[in-house]
Amino acid sequence: MVPEVLSQPAEAGGSVGIVTPRTVVIDTPLLLACGRSLPGFELVIETYGRLNAARSNAVLICHALSGDHHAAGFHSADDRKPGWWDSAIGPGKPIDTNKFFVVCLNNLGGCRGSTGPTTINPETGALWGPDFPIVTVRDWVASQALLADQLGIDAWAAVIGGSLGGMQVMQWTIDCPTRIRHALVIAAAPRISAQNIAFNEIARQAILSDPEFHGGRYIEAGAKPERGLKLARMLGHITYLSDTAMRARFGRILRDGDGQYNFNYDVEFEVESYLRHQGNSFVDRFDGNTYLLMTKALDYFDPAREYGDDLAAAFRQAQAKFLVVSFSVDWRFSPARSREIVNALIAAGRDVSYARIDSQLGHDDFLMPIPQYHAVLRNYLDRVALEVGS
Amino acid sequence: MSASLRPDLALISDWIAPGSRILDLGCGDGALLAHLTSTRQVRGYGLEIDDDNVANCIAAGINVIQADVDDGLAEFADGSFDYVVMTQALQALVRPDLVLAEMLRVGREVIVTFPNFGHWRVRLALLGGHMPHTPALPAEWYDTENIHLCTLADFEALCASAHWQVLERALLDRRHRAGFNIRTAPNLFCEIALYKLQRPG
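Chains as they are written, first to last, in my numbering: chain A, 3 to 392; chain B, 19 to 219.
Simulated from the structure, these hints should not be mistaken for laboratory data.
Fair warning: there could be bad hints in the mix.
Quick list of the computed label-pair ranges, beta carbon to beta carbon [unchecked claim]:
#1 ARG201/B to GLU308/A: 44 to 52 Å
#2 SER56/B to ILE255/A: 38 to 46 Å
#3 ARG126/B to PRO93/A: 46 to 54 Å
#4 SER56/B to PRO93/A: 28 to 36 Å
Heads up, incomplete: computed chain B residues facing chain A, CB under 7 Å, no partners named [as the list claims (entries may be wrong)]:
#5 ALA28
#6 ALA52
#7 VAL72
#8 ILE76
#9 GLN84
Quick reminder that beta carbons are idealized off the backbone N, C-alpha and C, glycines included.
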């Protein structure tokens, strides 16, 4: 997710090593916010560490827009890159797999094996494709609660997520207050702004207007809305980086060393090369219908809506203790948005700590091993470990 | 942590009703809140700007909000806390008067402590032509964080002009005791002042 060119050296702490995803089949019907229901579904998960005898040390990791179940470790010995949050998850790392049983899943509607647009609809025998229901953050939490049942986990020691993942964490505290002890909400917002919805709309239009989209039935048509997906991702990446970070990394540097303008539309500036690379590599691993659906889940998230637009009233349902973290140069989910969450939690009388991390990159900072960020996570989770006796 | 609690912090806790809601501005490592949570069963939150202090509060299980007190308390609703407390930070603020007014808006009552710039050691140093170095004010004039020092008389003049009510006052020497000298000539002998204020009405 974060390009190598921008990554920082990883801190001490081991790897969870080679991990193997597995599929959990859930037979319980799930009524979705849109009114439709799924008779059952499958979730692909990875787990790291060991569940203790009291089953009290389980931690759920919720992924963001383009994430999946592969949060840490490697799938094979010659795997080039580890899971998307390997910097934070592992033995001796802030989310310490020597202490916690860590569960990460591919969300419902995803494209990495869980039931979603790229899997078969059992009622028709055909791919779900665009017919897969638009799921919401609340639906995800309900599906994750059924997953917890299946794993024999009554209550999570902590649920942790960044960005859209942080929204799932908040929803957990409101919908299943007795099943989450600690909520770690990172680089999130209580609901997204008009500006954010606007970015999502452009991303969706890029995909929907791609001639290869075929009304969402592109797989059957032997096609793929690659241009649309690529544009959506390029746009996203602009918003994940701060102006300063882009300036520092790319400036106005030209690809060709001769410093001359080419007067054509080929890749010329470094930043163009970066965005095209990000777009192209995303197309290989992601599905258009899933991208559409995930952005919609972001747009719809608004837990205060059912409580008269009073976020504090929503959080009065919660029983968990909270850690909220933001990053100084994140403008997509700015520190001010995290403070809205914190203020509502204080008004609701909940326990909350808030750290505003001085950072460099932007929204993507939540994946980086920034020392202060990891110190805060580690200090908080060390107490959680003591509390749950792991 | 509470074993080595500073005597001025212990005194503050005597001023706080059990079970109340507290906002501690510039809470440091959270010592006061930890003490109040265990002895007074308060629900407390600290405001703190420093990274290490924030990490330490989190390690100690103290609710800490990373923010700059000088940015104001606009994020907090009127009367949302029983007490807003600030220990030994008033003199380091850009506009102590505005922060005090904000504290009185957010809290039902305000507890504030500061070093008394009217102490005889300070006066003696100034008489000798130099900025003071005292146990309460150890820094050099050029690297001190204290930019708005005041005497007891100055502070009470501000309270009077702003119509803030002084509910309680405790004046201590550097051993955090209130002796005969302080009772006789407070502005000369008090080194650390504690005040409890409220808005009129």
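Verification of the supplied hints:
1. Against the hinted window of 44 to 52 Å, the Cβ-Cβ separation of ARG201/B and GLU308/A comes to about 60 Å, which falls outside the hint.
2. Separated by about 57 Å at the C-beta atoms, SER56/B and ILE255/A break the suggested range of 38 to 46 Å.
3. Checked against the given bound of 46 to 54 Å, the beta carbons of ARG126/B and PRO93/A, roughly 48 Å apart, stay inside it.
4. As the Cβ distance of SER56/B to PRO93/A is approximately 34 Å, the hint placing it in 28 to 36 Å holds.
5. Interface hint at ALA28/B: violated, since its Cβ lies 24 Å from the closest Cβ of chain A, which is beyond the 7 Å cut-off.
6. Hint on ALA52/B is violated. Least Cβ distance to chain A is approximately 13 Å, over the 7 Å limit.
7. Against a cut-off of 7 Å between C-beta atoms, the interface hint on VAL72/B holds, since the closest Cβ of chain A lies about 6 Å away.
8. Checking ILE76/B against chain A: minimum C-beta separation of about 5 Å stays under 7 Å; hint holds.
9. For GLN84/B, the interface hint holds, since its Cβ comes within 7 Å of a Cβ in chain A; the closest pair sits about 5 Å apart.
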